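Colleague: Chains A and B, in that order, give the protein sequences.
Note that our numbering has the first sequence beginning at 1, numbered continuously upward.
Note that our numbering has the second sequence beginning at 1001, numbered continuously upward.
The hints are simulated quantities; they were obtained by calculation from the structure and are not laboratory data.
Because the structure is a prediction, the values reported are computed rather than measured.
Certain hints may be false.
[To be verified] Label pairs and their in silico Cβ distance ranges:
id: 1; chain 1: A; residue 1: Asp137; chain 2: B; residue 2: Leu1232; range: 30 to 36 Å
id: 2; chain 1: A; residue 1: Lys248; chain 2: B; residue 2: Ile1404; range: 53 to 59 Å
id: 3; chain 1: B; residue 1: Gly1280; chain 2: A; residue 2: Asp137; range: 57 to 63 Å
id: 4; chain 1: A; residue 1: Asp137; chain 2: B; residue 2: Ala1054; range: 40 to 46 Å
id: 5; chain 1: A; residue 1: Pro158; chain 2: B; residue 2: Glu1235; range: 25 to 31 Å
[Claimed, not checked] Computed cross-link-like contacts, SDA-like style, restricted to lysine to any residue with a CA-CA straight-line distance of at most 20 Å:
id: 6; chain 1: B; residue 1: Lys1114; chain 2: B; residue 2: Lys1179
id: 7; chain 1: B; residue 1: Lys1278; chain 2: B; residue 2: Glu1258
id: 8; chain 1: B; residue 1: Lys1278; chain 2: B; residue 2: Lys1228
id: 9; chain 1: B; residue 1: Lys1179; chain 2: A; residue 2: Lys118
id: 10; chain 1: A; residue 1: Lys118; chain 2: B; residue 2: Lys1114
id: 11; chain 1: B; residue 1: Lys1179; chain 2: A; residue 2: Leu72
id: 12; chain 1: B; residue 1: Lys1119; chain 2: A; residue 2: Thr156
Glycine is no exception: its CB is placed at the ideal position from the N, C-alpha and C atoms.
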Amino acid sequence: MSRLAQTFARTRAQNRAAFVAYVCAGDPDFDTSLEACRALLASGVDILELGVPFSDPLADGLTNQLAAQRALENGMTAARVFELVRRLRETSETPIIFYTYYNLLFANGVDAYVRAAKAAGVDGILTLDLPPEESGDVTAACRTHGVDTVFIIAPTTPDARIPTIAAATTGFIYYVSREGVTGVREQVAGNIAEAVARIRTHTALPVAVGFGIGSRAQVAQVAALADGVVVGSALVNCVRDHLGDRAKIVAALAAKAADLAAGVTRS
Amino acid sequence: MPTAAADTPSLDRFSLPDAGGHFGGYGGVFVPETLMTALQDLGAAYEVARHDPAFQTELRHHLKEFAGRPTELYFAERLTQHGGGAKIYLKREDLLHTGAHKINNALAQAILAKRMGKKRIIAETGAGQHGVATAAACAKFGLDCVVYMGAHDMERQSLNVFRMRLMGAEVRGVEAGQKTLKEAINEAMRDWVTNVRSTHYILGTAYGSHPYPMMVRDFHRVIGQEAKEQILAREGRLPDELIACVGGGSNAIGLFFEFLEEPSVRMIGVEAGGHGIKRGEHAARFAGGRLGVLQGCKTFLLQDAEGQIESTHSVSAGLDYAAVGPEHAFYRDRGRIQFAYATDDEVMAAFQLCSRLEGIIPALESTHAIVEGLKRAKALGPDKVIIINLSGRGDKDVQQVAKILGVKL
């Protein structure tokens, strides 16, 4: 059983949702990011989602765009992203998934990239701009190397597409709770329960919900409905708010993660 | 019969792209899931429209009465003399309303948006010509219009920014990255992801995810259809060469498409050589790029070893882009379309030359094709005929050119 499957089995047994935390790998620099990720892993995070910085992140809002820019400006490369995962694996067995864009996988060969990711300790890959129709090489490489795939379902996805998406997915379905890019919103989308139910009629895969979730109350609201809750921009903001002060970044992230993690239990 | 210029057997040009938007190994659909349904709906709506005589009649009507089609095929006598070889004809897309070929596509997509019941339009623009064309089409049809434009491009094309605003469009500056066309497209895609139910994205070139490369090509095919008829009437034969500048590649594929299955006609796309083929100093994707995926499409890209997109440079904002349309990449592999590039310096010289010799101020983008045309005319010799697509007029560029030449206005 993969680490992801084990995690969802455990959280389901505990009658709670998995807390999926997103940060950008190498934001604002490698050493801070390593400490920040370790702090997250020690603060109740069930799955760590690492954004792989890309020059043109067209599915991301401003918060994540700027995070990617900081990471790239401070020297993040594919090799450094893998190195970050290796260092995290020294002390943690928590699943780590990549949140990335296709060209970064494609540039030097999808199979070689996935093999390197697996060797570093990556458990799953979500490629934002890769619909299942174009994903043959990625799903094949993930199958070969034992890496889980994660695909997105959106509010605009018709029922007829859900089986196609589910068939390409081995890790979990990432339901994007609203049309739009990543970023914190005041209110959680209203129709999540219905959407998750719609997805579950087609697949037994775990369903995590993300986009626009940033507070403990919002986490709790979504945790009641889904197998996992993803928080991203609200965590990245902890980095942005304390740039230049590594200790504060790490402390702010740990505090925010602990606060959010308290939301995943179902009362 | 003229001798064949292409090395490979002819291919049914209508057989591409396939249902998934592939031109061989290029093209496809690489977008976030949120947009998949919108693209499929757009493809379906276009499929109905293209076979609907009412749509075609309406489009033809507006192309004639609003845009000013057909455009002339003009014999450039003094440029020909200067070139000292083949006869040079200019396809005068610069005479169209709003100043460039872009209006063909903007009008057609605006009509399509109306049919789809979308009241809000977004667009990206580099040089501003597609933005101006979209703003005009939206004003005409009473559609809301938001145009994304890189802040750097807004500066070098400030006249076009004002023109868009005069026609009621909202122009949103994009401050990310190098603040040019690529960033404007990212921002337009983010808007579309957010407002996909109400909004149609009028993409301005033969690029992006299916159905855009096919649809935009089809809306510009009229350029080549007219040119073929006109040159046959004028010279009694097909041209030897067609030359067009290539950013995304819409004016070029528009001119070329009608001739793809005429083996005697050679086709040359001209990319932006900028300061020369050095990293970050040009936008000649076939000279310095390799296969990758950007903004919805698999094609030749300027990228670093890890797949990060590289910055580009060109004196012309409209060619200043890291990727090239997938159909061009496909026909280049087959040897059917060749590619060259022109540098900023060559373009500046030809810009002034064409203005002085012909009384026609060409767009800096189109001037890239003139540079190559003059070189090839000489090499071809006097009994040959070439057509250069004068895809836009240079009025928008005069301020920038004055600045480069050190002339105070």
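Colleague: Does each hint hold? Answer for all of them.
Modeller: To see whether the hints hold, each was checked on the structure:
no.: 1; hint: Asp137/A <-> Leu1232/B: 30 to 36 Å; verdict: 46 Å, violated
no.: 2; hint: Lys248/A <-> Ile1404/B: 53 to 59 Å; verdict: 48 Å, violated
no.: 3; hint: Gly1280/B <-> Asp137/A: 57 to 63 Å; verdict: 29 Å, violated
no.: 4; hint: Asp137/A <-> Ala1054/B: 40 to 46 Å; verdict: 43 Å, holds
no.: 5; hint: Pro158/A <-> Glu1235/B: 25 to 31 Å; verdict: 53 Å, violated
no.: 6; hint: Lys1114/B <-> Lys1179/B; verdict: 31 Å, violated
no.: 7; hint: Lys1278/B <-> Glu1258/B; verdict: 34 Å, violated
no.: 8; hint: Lys1278/B <-> Lys1228/B; verdict: 37 Å, violated
no.: 9; hint: Lys1179/B <-> Lys118/A; verdict: 36 Å, violated
no.: 10; hint: Lys118/A <-> Lys1114/B; verdict: 49 Å, violated
no.: 11; hint: Lys1179/B <-> Leu72/A; verdict: 17 Å, holds
no.: 12; hint: Lys1119/B <-> Thr156/A; verdict: 19 Å, holds
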